[in-house]
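Asks: Which chain is which? The protein sequence lines are W and E, in order. Per the working numbering: the first sequence ends with 329, consecutive numbering throughout. Per the working numbering: the second sequence ends with 292, consecutive numbering throughout.
To be clear, the hints were calculated from the coordinates, so they are not data collected in a lab. Where is the CB? At the ideal position from N, CA and C, for every residue including glycine. Wrong hints could be hidden among the right ones.
[What the hints assert, rightly or not] Some chain W residues near chain E, calculated using beta-carbon distances under 7 angstroms:
no.	residue
1	109
2	112
3	117
4	121
5	280
6	288
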Amino acid sequence: MRTVSRGLPLLVAALAIAYPWLVPNYYLVYAGALTVMYAAMSTSWNLLGGFTGYVSLGHSAFFGLGAYGTGLLVVRLDVPWVVALLVSALLVTVFAVGVGIAAVRVRGASFVIVSIALVSMMNLVVQGWRSLTGGSTGLQIPSPFPGLHRGQTHVVFFYLFLALLGLALLTWWYVSRSRFGAGLRAIREDEDKAESLGVPTAAYKVIAFSLSALFVSLAGGLYAVWFGSLDPIFVFSILIGSYMVLMSLLGGVRNLYGPLLGALIVAPAGEYFLIALGETQIHLTATGLVLVLVVLFMPDGILARFTRKRGGPSIPDESADQRLQGVAP
Amino acid sequence: MTLLLQGLALGVLTGGLYALLASGLSLYFGVMRVVMVAHPAFLFLAAYLTYTVHTTLGVDPFLALPLTVPLFFVLGVAVQRLLIARLAPENLAMMSVLLTFGIALTIEGLLGTFYTGSYKSVSMEYATKSLTIGGVHLPYDKIIAFGVAALTLAVLFAVLIRSRFGQSLRATIQHREAARLVGIHTERVAGYGFGVGLATAAVGGTVLALITPFFPASHWVWIGKLMAIIVVGGLGSVVGAALAAILLGVVEGMVLVTVDATWATMMFYVFLFVALLVRPQGFFGGRLAHRF
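Chain W extracted, bound-state conformation (with noise of 0.2 angstroms):
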């Protein structure tokens, strides 16, 4: 078991590596690009997610301003993109930081609100502001590799959205050995008992906000230059958030790789459709039915099944007598 839970990552990480190289045609690399961008939103999604149970279903909103930041600054100020997206990503992680404030002052449903509706400003923001942003006509970003043909920058971009998924799982796993980590689990179980515990709840919570949000517009830094135009209404679209959510549950999100798991299901899944059934919006209900589905009946995921018996309290409920009879020899 052990040299299984060791190897296994190992073999997917080269299989992951050696990707590009395996497949027949750069349509293949290009899903796969894709696949490999939602995989380290949904885990940087569940840093906030998994270890404190706030469900943002508003993260779009940081992928929007990580690529609108990235692709203003490459085509207003003629900015190098690598600068651009690092200086853009930063100035997310310090907007993130102000609407983790508020944000998080709020609890549950009303969370939830709070972070749809932070899509829906800025969307109306990006829209509204058209000298700046171009509106909904959207706003075109020049490739940042001249001598290179599409199928090849498929392949960069592949093996950086594969670097930030690597960035993403070892944050989330460092932070889940870590002091941090186990404060922001006490959160999830009982935020009250937590802070009454001493843990500095608030700074906390704005803290995982602001690092999940930091991984998440990085990736929407990426996609511009990856993708080169930037549609106000694709990029701060309820679903790009929605996916994150869904992508976390089906895999498990007390489970470091998850969230990978579920995106490595749900980004294929949403290509084929899209050849399948061509542009229509059943897609859109094919999501709708799983996550309903997925909530129902497997909220804990598809590694909890496999990783745990059955997700009862943390805390066993037996008594010290059974206790005792448990480790006696």
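On the provided structure of chain W, position chain E as indicated by the hints.
Replies: Structure of chain E alone, referenced to chain W:
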């Protein structure tokens, strides 16, 4: 000055409609402590059904109501009994949002598939004219919308206050366990509460179809608007939601005539954030909300 009066008058008229559209959300929150994100999606489902009845039968859009209102009542009961009642109680607030979000996506996808993504509208001859009082133009469709909304809300209040069902519904909202102790079937009442809430969506959808063009994705804007209304009004308070609806309708109307449409919509989010920061329990009552 006329401009401001115009904004004020339009604001009151649309505010009345907002009050109707938000009343369903307050009911759901009251009976189940659930934020029903799919409510606006059902509104547009009703709008599209009205459109179909209007175009295929060629009758007045309001004649769709005898069909849609019972249908939506049954749908509402089904959503509560078959879906929301099955969720684990310890994480109900979060999971119910995701569940109803999934329902909203499902409806949007189906509408997009059957009706295509382009704009549809129901226009009646009487809706294009307007009434002019002292330089203020009041379009007839807005007046009709206000009238229908006011009438529906009056019926709703009468049912809630006068009828036996209304009393047991209010008892369930106020204290579930106590209601059960005095012999109210709270589960059944909660189901009917959802039915009534969704029935208001059927009426609201028809009115909406009359006054504005719509497309499948339009419900997202309304989620933000209606959420702002029920948070400002105080979650779970039907009266609070109605007052907040008029207030936000007037604010929207004023900003619309003085600044522009983007800022008019933005006001809803500004009020939402201010309410959550300053007074999370809402400005008009809403004793329930402090727990959320």
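Asks: Provide an ascending list of the numbers of those earlier hints which the structure does not satisfy.
Replies: No hint contradicted; all consistent.
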